[in-house]
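**Student:** Okay, here's what each chain looks like letter by letter:
There are 4 protein chains.
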Amino acid sequence: MMVVMKKGHSQRDLQAVLDHLQEAGLSGHMIVGVERTVIGVIGDVYPELSDELRSYPSVDDTVPISRPYKLASRELKPDDTAVRVGSVEIGSGSTVIIAGQCSVDTPEQMMATAHTVRSAGGHVLRGGAFKPRSSPHSFRGLLDEGLHILAEAGAAVGLPTVSEVMDPRDVETVAEHVDLLQVGARNAQNYFLLDEVGKCNKPVLLKRGMACSVEEWLLCAEYVLARGNKQVILCERGIRTFETGTRYTLDVSSIPLAKRLSHLPVIADPSHGTGRWYLVEPMSLAAVAAGADGLMIEIHPNPERALSDGAQSLTFANFRRLVEHARVVGEAVQRPFARV
Amino acid sequence: MMVVMKKGHSQRDLQAVLDHLQEAGLSGHMIVGVERTVIGVIGDVYPELSDELRSYPSVDDTVPISRPYKLASRELKPDDTAVRVGSVEIGSGSTVIIAGQCSVDTPEQMMATAHTVRSAGGHVLRGGAFKPRSSPHSFRGLLDEGLHILAEAGAAVGLPTVSEVMDPRDVETVAEHVDLLQVGARNAQNYFLLDEVGKCNKPVLLKRGMACSVEEWLLCAEYVLARGNKQVILCERGIRTFETGTRYTLDVSSIPLAKRLSHLPVIADPSHGTGRWYLVEPMSLAAVAAGADGLMIEIHPNPERALSDGAQSLTFANFRRLVEHARVVGEAVQRPFARV
Amino acid sequence: MMVVMKKGHSQRDLQAVLDHLQEAGLSGHMIVGVERTVIGVIGDVYPELSDELRSYPSVDDTVPISRPYKLASRELKPDDTAVRVGSVEIGSGSTVIIAGQCSVDTPEQMMATAHTVRSAGGHVLRGGAFKPRSSPHSFRGLLDEGLHILAEAGAAVGLPTVSEVMDPRDVETVAEHVDLLQVGARNAQNYFLLDEVGKCNKPVLLKRGMACSVEEWLLCAEYVLARGNKQVILCERGIRTFETGTRYTLDVSSIPLAKRLSHLPVIADPSHGTGRWYLVEPMSLAAVAAGADGLMIEIHPNPERALSDGAQSLTFANFRRLVEHARVVGEAVQRPFARV
Amino acid sequence: MMVVMKKGHSQRDLQAVLDHLQEAGLSGHMIVGVERTVIGVIGDVYPELSDELRSYPSVDDTVPISRPYKLASRELKPDDTAVRVGSVEIGSGSTVIIAGQCSVDTPEQMMATAHTVRSAGGHVLRGGAFKPRSSPHSFRGLLDEGLHILAEAGAAVGLPTVSEVMDPRDVETVAEHVDLLQVGARNAQNYFLLDEVGKCNKPVLLKRGMACSVEEWLLCAEYVLARGNKQVILCERGIRTFETGTRYTLDVSSIPLAKRLSHLPVIADPSHGTGRWYLVEPMSLAAVAAGADGLMIEIHPNPERALSDGAQSLTFANFRRLVEHARVVGEAVQRPFARV
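Residue numbers (the numbering used here), protein chains in the order written: chain E, 1417 to 1756; chain R, 1417 to 1756; chain S, 1417 to 1756; chain B, 1417 to 1756.
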């Protein structure tokens, strides 16, 4: 960390900062520049240090040098991490398709969806049982019954499954029914939930919070990793910006950036990221071209009757077309589809 | 809700939408304009309808007309709601000062803080026992011990207390120790937690999520209200923007806007909202002038030794000055300090 | 346009709005809903109407139904517009590569750059002569001399050229030297400049302002089109968001969205959009996969000696690799490179 | 500036950076930390250096230490700058009210407005003659005729005037008619216009661009100051965020922040900043309480007939009320109204 002193600070101000560092077992290395004095902090910097130092009136600013995440960092582990979900590996250089319904509804519809995902070439079946809805008056999921329907559909077609968990109390139950636990964007910084999935022996799909920088997203992953669960997949799903023509702004550049900074696999969710069914295919292809390890796509037999998020769900026909196109782009960028 | 049809839609497309509405027990009222046809939906619109209709390729867009929140709306309840916290009333036209440490640390420091809050003229004592920290390697609070220390300090000086709850499993415990339950910005859309505090018989301080629009913030409040707890206080604490000179951007205009749309009290947290101790006073005065029902301020006997967020904590002397100035501004806008 | 009346409005309030519409030569069509009354405005709505109506205290909101841009809209002109720049056509289904130096510097370096663009398979040569720099103390371009150097380099290798114009007084001069006039992001809403290039008989490359929504961007194009110049190419170059890991956030989804709403060609500038040389290739491939009509790339013989924006410039070797990869992705999405 | 090297860089990489600095007449001072090596740059850093160094693959990042603006900085000039407009001084500790019509329309209406501004206690009369409008089909101002009408109205009531200039070619003309030249938000980074007003001997009101950070806003001021014009007033008018309940987000915290960093006066424009007439008063009071040197308010005799921005214009009665309340808040924070 660098500590930038204000212009016109006194020798006593400087000493106070150096004493603070020394008490903390660190040492300070001064650089006297033309305009300012900067203190380089040497030693094992702890997260609170920045706030402590910035509360000194003579300190103008502090500048972090080391990254705040360690376990998620490629500096610690230079080679890619691959996460196995059922029989599929995510993060080992191929493209993986996760698809299914935003909300599980009837067993018949879920089964039709599962058959479509399988026959189109998809790898993992998704289905929401617990739904985060911005209105308390919206449908909030079939809960346990939904998990059963999803598990049965997955088993019937031989695909592993993924579903969201929202409450630390439900982690165990959801983990019993699915192969991959999803933590949603609204819970990306729900640290007690992250702790709980971190103690679990199931891979975790961690969506980026819509107000999280890439660095903060990696810190969310760090929570899970720090608890011992090393099977984390990152998922970009759109950030909050001023643009209203899309529901969120899918930050495609976060995919190569996160992969550069971290060894964890990164996938994209263009369905939530755009909120518009007609943008899902072009943004899927964009994500694959940018280096994503996979896609997460919402489909529904009858989008106009879906219990949630119909506007961003693809029909089966549109989904099949998307998969064919994603396959071609994947091959063009040397990321062929994973084998099932 | 208004349904905007695409140009060049067919009669059959139109009929499909009208049929959809009829099946849902609603009726459609057509307006054929110069450029487009619009269908006004009459009846009790449900939250999923918009997504269902936008999945029709012939539908260009849907436009909500009614507000998605009901219980939080001033249309339902035109007069202000006042929430009692201990002996203080928030939302009845006066200015209330909530102050204390971001994190509870030693009993001695907490007691010194409590005395300062009381003697300066503050109304509620805050202290964090469970801390949401972006890094898993940061100090995360004294947990139950912190709640005890806070409760004792509050009792000693005769001030009600507030502390954050982050895990649905902790709601009962925290509610036993404090007078006001805080739901933090990172949990503003943690719906299971909102459900839990909604079932509780304690007032709730609901911070705005950093990516929540005012409408979405009111929907978060709706969750708590819908569970039966009518004692909700809203707290603006800064939104995420591109500006990096402050930690967040305190959206002062959200205060009069939320008060116009809702009957709930609205306070401001300029400490987290700015992240800079030297901006806390001017932004406190701004919030009071804009009509806030109160302020939430971080102070610490030794900001440079605080266990969290020292950079935004005020010294006791700066806090006393702020309270004096806030009192004068409160009087200027006819919002004198609440009586203790 | 829809006019949403406040709850509890009087008959007189309603009449005032209807009278206002009638005076403006429009008619109003009322829909009385369960919660609110809405007036659909029939006729040729003018841009000021919304503000006029929202100044009535009894009006809660107005909702636009027609799009504010006409000439740029695909509703007016359903088929794609192709813009010819020299011998290359942009917008007719192929991928076009525009590349060159952010700033023109020496004739030797510019010539080396031109040869590289040509031999790698690029189509248009760029070079900045007038540079918008955020600091007045930065290098601001070689001005006229730069235009000459650029024109000579282009002529030597047989490539058309593009350069930015920033001042309405310079439009004529720049237009004499280059084949494509660029309007930069900081001038996207400089309406006098847009007027001036709109009166010019040269194609215009219009960058999206970093705070412009897609709708506002199309309105910027509308300015140029309204003056008679139909040769407009849109260029996405990143919007301002809270993310600091990249310089801007390249809004890839704006490419398919703009192409859906408008008939104009859309290209992407991943160099400015990311500000990081190591993200330029993945984001170039993403843009092509999402349907961009072309790319605009910064290269430099010695990025570390470039007079501006070295951090986002590619070396010649990296550029050649990018072009090869973009060619493959272009073919995968049925957008082969344009013939030179 | 600090240069952060990547982990695992070689000695040769380090030497290349040091050589680069030496060639530039600077020196490097190394700090070898536990995790990384950092080079402190000593000497007079130039703006391009950061980009140059970040183009070295072995450089992880560069961190500015000195502020990029000099003339605008309080470090160069610690005491407040006061700018005289007609007989009023802005920036010398009092509160100044600038008010008038967004667009000049008829002489009668402008005169009525002028009388209201004067009698209510306002100090400067505004009126737009050249209007930046997002649609080319909107009313764009009365141009020269508008300047005449404004000047006459100002003279009639004895108030100085302010109007926007948008085209470098118009600076001289506008400067002949008004006492204060306004540069609007959309032109905040129109560097040729800034150059032109910088060469002019009239005070300049510089609005913050809606995508400009406070630092970039001060760099815009630096352009004007660098040309020799020292009479710059900054004006916060709202930034672009995801919130749609207001037109922009008035960043009140930028007022005390800009005043801390710079010696220039700072005023606020809550009319454009909120776009909602009912938020103008509370946000005016907030700005004054936060330390603004003045307010810029839109009023109109008949907001529903205004030629632009009616939705944010106050009626005369509402304006008078606002001025009375602003006066009281100004006195509460020791910023009484300026004497006329």
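No lab work stands behind these hints: they were computed from the structure.
Errors might be hidden in some of the hints.
You can't tell identical chains apart in this list, so a pair holds if it fits in one copy or across any two.
[To be verified] Below 16 Å or equal to it, Euclidean Cα-Cα: the simulated EDC-like pairs (lysine to aspartate or glutamate) are:
id: 1; residue 1: Lys-1422; residue 2: Glu-1491
id: 2; residue 1: Lys-1493; residue 2: Glu-1451
id: 3; residue 1: Lys-1646; residue 2: Asp-1460
**Student:** All hints are to be evaluated individually against the structure, with a verdict given for each.
**Tutor:** Status of the hints after comparison with the structure:
{"no.": "1", "hint": "Lys-1422 with Glu-1491", "verdict": "between (33 Å within a copy, 9 Å between copies)"}
{"no.": "2", "hint": "Lys-1493 with Glu-1451", "verdict": "between (39 Å within a copy, 14 Å between copies)"}
{"no.": "3", "hint": "Lys-1646 with Asp-1460", "verdict": "neither (24 Å within a copy, 47 Å between copies)"}
Figure legend: structure checked against the earlier numbered hints; the only hint not met is number 3.
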